[in-house]
Amino acid sequence: RPVAHDEKCLTITAMYSGGMERLIKDEKTEVVHKIERKDDSTPLMMEEFIAYLGKTDVAEGKQDMFIQENSVRPGIMVIINMVDWEVEGELEYELKNNDCVEFISTLHGG
Amino acid sequence: RPVAHDEKCLTITAMYSGGMERLIKDEKTEVVHKIERKDDSTPLMMEEFIAYLGKTDVAEGKQDMFIQENSVRPGIMVIINMVDWEVEGELEYELKNNDCVEFISTLHGG
Amino acid sequence: SGSNSDRLLREEVRRYSRQLLIPEIGIKGQLKLRNSAVLVVGTGGLGSPCALYLAAMGVGTLGLVDHDTVDHSNLHRQIIHTEASCGTSKVVSARTGLSRLNPLCRVRAHDVLIDSLNAKEILQGYDVVVDATDNAATRYLINDACVMLKLPLVSGSAVRLDGQLTVYNYNGGPCYRCLFPKPPPADTVASCSETGVLGVVPGVIGSLQAMEVVKLLTGRKASEAASMLLFSYSSQPHFRSIKLRSRKATCAVCGDTPTVRELVDYAAFCGSGPNDRAPDWNI
Amino acid sequence: SGSNSDRLLREEVRRYSRQLLIPEIGIKGQLKLRNSAVLVVGTGGLGSPCALYLAAMGVGTLGLVDHDTVDHSNLHRQIIHTEASCGTSKVVSARTGLSRLNPLCRVRAHDVLIDSLNAKEILQGYDVVVDATDNAATRYLINDACVMLKLPLVSGSAVRLDGQLTVYNYNGGPCYRCLFPKPPPADTVASCSETGVLGVVPGVIGSLQAMEVVKLLTGRKASEAASMLLFSYSSQPHFRSIKLRSRKATCAVCGDTPTVRELVDYAAFCGSGPNDRAPDWNI
Ligand SMILES: [Zn+2]
Ligand SMILES: [Zn+2]
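Chains as they are written, first to last, in the working numbering: chain A, 1 to 110; chain B, 1 to 110; chain C, 1 to 283; chain D, 1 to 283.
Quick caveat, the hints were computed from the structure, so don't treat them as lab data.
For clarity, every value in this text was computed on a predicted model and none was experimentally measured.
For each residue, glycine too, the CB sits at the ideal point set by N, CA and C.
Mixed in with the good hints there might be a few duds.
Claimed, not checked - Chain C is faced by these chain B residues, among others (derived, beta-carbon under 10 Å): (1) 65; (2) 67; (3) 68; (4) 70; (5) 109.
Claimed, not checked - Here are the simulated DSSO-like cross-link-like pairs (lysine-lysine), alpha carbons at most 30 Å apart as the crow flies: (6) A/96 <-> B/96; (7) D/150 <-> D/248; (8) D/28 <-> B/28; (9) B/96 <-> B/28; (10) C/120 <-> A/25; (11) C/150 <-> C/32; (12) B/96 <-> C/248; (13) B/96 <-> B/55; (14) A/25 <-> D/243; (15) D/182 <-> D/28; (16) B/96 <-> C/150.
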C-alpha cells in the first residue's frame with residue numbers, strides 16, 4: 001500500500017560497504033530504521049540523521065571514525081538513493097520516507 | 001502523479017539490445033508505446049504485445065527474425081522489469097502500465 | 001608434488017598472502033582453491049583472462065580445451081597468447097603463459113575439438129566447468145555434458161560491445177537449455193570472427209567468470225539467486241543483473257523426465273558447428 | 001616506424017581486424033587509439049590488465065610509471081608480471097609482457113617514484129592518465145597534476161573484495177578533490193598489503209579502466225554523465241552505478257578560484273606517503 005504523506009514515521013535504510021561495515025555493530029551492511037517525528041511538519045535533516053546513526057548503528061568506540069565536525073569523516077562517500085549526496089544538498093538534505101542512504105569508504109588500494 | 005488504475009491507456013517501454021536493435025527501424029534501442037485499450041477490463045497479453053511490436057518496431061522484412069510461431073524466435077531473451085519472462089508467465093503475462101520489456105539476443109561468441 | 005591437502009606450503013603462503021588476509025577467503029578458502037580442478041573450455045578472448053586469474057589466485061589444477069592455433073587477429077583480445085606463439089597450438093601457448101605466471105598451478109592441456117564423443121571424458125574429474133567457447137553448438141554440448149555429470153557451468157559470451165554471464169546447472173537454478181530450449185536459427189548467430197569484438201569486452205566477462213568460479217569453489221555462490229549479468233560498452237549503466245527462472249521441470253536435459261539422455265549431434269541440432277567460420281574480413 | 005597518422009598499416013589491419021568490424025570503432029576509432037598516448041601510473045593489480053588490454057587493443061603509445069620491484073606476493077593479481085621477474089623492476093617486467101603481446105605498441109618505462117617534482121614532466125604529452133596506484137597521497141598528486149595539465153583521469157581502486165571506478169576531470173565532471181576535499185585520516189586508510197585483495201577484483205576494475213580509456217579516446221565518453229561504478233564480490237548485484245556531482249566551483253584545485261596552483265607535499269597533506277607500508281603479514 002502506498003505510504004500516506006501525513007505519517008509521522010519515516011522508514012530509512014542505512015547501508016554500509018567498502019569497509020564501512022567494520023565500524024558497524026555486528027558488521028551489519030544494512031539497517032532499516034523507523035524514525036518517529038514529533039509531527040509531520042518536523043523535517044529530518046541529514047545532519048541529524050548522521051548523528052542518530054552514530055548512536056544507533058556505529059559500534060562502541062568507533063564513533064569518531066564515522067563522525068567528524070557534525071558530518072561524516074573525510075574518506076566516506078554518502079549516496080542518497082544512488083546519487084552522490086552533494087547533488088542533494090549534503091547536510092541540508094531533508095530525508096523522505098523510504099530513502100536509502102549509503103555510506104561507502106573510498107578505496108585507495110590497487 | 002500516480003497513474004490511476006482505471007485508465008485505458010498503457011505506457012509500455014520496449015528495449016532492444018545485444019544485437020536485437022539491428023532488427024528495429026532506425027536501429028532504435030528504446031521505443032515508448034502508448035497503447036489504447038477498448039476499456040480498462042481488456043487485458044494486454046504478452047502474445048498480443050509481441051505481435052504488435054512486430055508491426056510497429058521491427059524493420060520491414062525482418063519480422064521473421066523477431067517472431068516465430070506467435071512468440072519471439074529462439075535465441076531472443078525477454079526480460080520484464082529486469083526479470084526473465086518465464087518467471088512472469090511468458091506469453092500469458094498481462095502487461096501493466098509502465099512496464100519495461102526488453103528483447104536481448106543471446107550471444108555465443110567469445 | 002608433496003602437497004598436503006589440508007595445509008598450505010610455505011611458498012603458497014608467500015604467494016597468496018594478500019588473499020589469506022581476507023576473512024572471506026582465508027586459509028580455508030585458499031585450500032579449497034588449491035584442492036580444486038577447473039576446466040576452461042576455450043582459450044580465446046574469455047578463456048585468456050579467466051585462466052590467468054584462476055591460476056594466479058591459486059586454483060590447483062586447470063584444464064584447458066582448444067583445438068585452434070594462435071592467429072594475429074586473436075591478439076587484440078586473447079592476452080594469454082603472444083606474438084611468438086602465432087601459428088602454434090592455443091592450449092600449449094596458454095599453458096606457457098600460465099606457467100610463466102604461476103608454476104604452482106598444474107595445467108592439463110586438451111588439444112582437441114570437444115565433441116559428443118569425448119566431452120564427458122574430458123569433463124570428468126573437474127569441479128567446475130567454464131564455457132569460454134565461441135559457438136552455439138559447443139555451448140549446448142557443454143551444457144548437456146555438465147547436466148549429465150552434475151557439474152556447475154560458468155558460461156560467458158562476448159560479441160561486438162556486449163557480454164553476458166550466467167552460472168548454469170547449480171543449486172536449483174536453470175541450465176542453458178532451460179533458458180534456450182530451441183537453438184537460434186543458424187543465420188542469426190554472430191561470432192566474433194564475423195561481427196568483431198572490442199578486445200576488452202571478453203576481458204571483463206572472462207575476469208568475471210574467474211570470480212564466479214571462486215564463488216562456487218568457496219561456497220559463497222550457494223546463497224545467491226540465479227541471475228544473468230548483462231554488460232555493454234554502449235549502455236549506461238554498463239552492467240545490469242537479471243533475475244532468472246529456476247530449473248524447468250520440462251527441460252529436455254535437466255528436467256524431471258529428460259528426453260536428452262546422451263550427448264547428441266550438436267552441429268545438426270544447431271544447423272551449424274564449431275568449424276563453420278565466416279571468411280576473414282579484409283579492407 | 002614509418003606509420004602514417006591517417007592510415008593503418010597492413011599488419012595493423014591484420015591484428016585489429018575484429019575491432020575494425022565494429023561500427024563504433026572502425027578504422028576511424030582504431031586510428032584514434034593508434035595515434036594516442038596513455039599513461040598508466042602503477043603496474044600492479046589494476047595496471048596489469050589495464051596496460052595489457054590497452055596495448056592489445058592498439059593504443060599506440062603506453063607510458064608506465066612504477067618504482068617498485070616484482071614480489072611473489074604480487075603474482076596472485078598482477079598478471080602482467082612473471083615468476084622469473086621477481087626481484088626486478090616492475091616497469092621493465094611490464095614492458096616485457098606488453099612487447100610479448102603486441103610489439104606494435106611503443107612503451108615508455110618511467111622507473112621512478114612519481115612525486116611533486118617530476119609528476120608534471122611525466123604526465124606531459126599523454127592524452128589520458130590512468131590512476132592504478134595504491135595510496136591516497138599519490139591519488140591526490142595525480143589528480144592535481146591532471147587538473148593543471150587539463151588531462152582526463154581514469155581512476156580505479158581495489159581493496160579486499162571491493163572496487164571503485166571513476167573518470168575525473170572530464171567534460172564538466174568533478175575532479176578527485178571535488179569529491180574528497182579533505183584526505184582521510186591516515187589510520188583509516190587500508191592498502192592491499194595490509195588488508196589484502198582477491199586477485200580478480202583489481203582484474204575486473206583494471207579491465208574496466210582500459211574500457212574507459214577507449215571511450216575517452218574515441219569520443220563516446222563525451223555523451224555520458226559523471227558517475228562512479230561500485231563493484232563488490234560480496235554484494236548482489238555486483239555492480240552499481242552512482243550519479244556524481246558536477247565540477248565544484250569551490251574546489252581547491254579545479255574550482256573557479258583555485259588555492260592549489262602548484263603541486264604540494266602530498267605525504268604531508270595525507271599524513272602518509274607512498275612508501276609508508278605496513279610490514280608483510282605472516283602466518
Ligand atoms: Zn535445463
Ligand atoms: Zn575539483
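Tell me the numbers of any earlier hints that the structure contravenes, in ascending order. 2, 4, 10, 15 and 16
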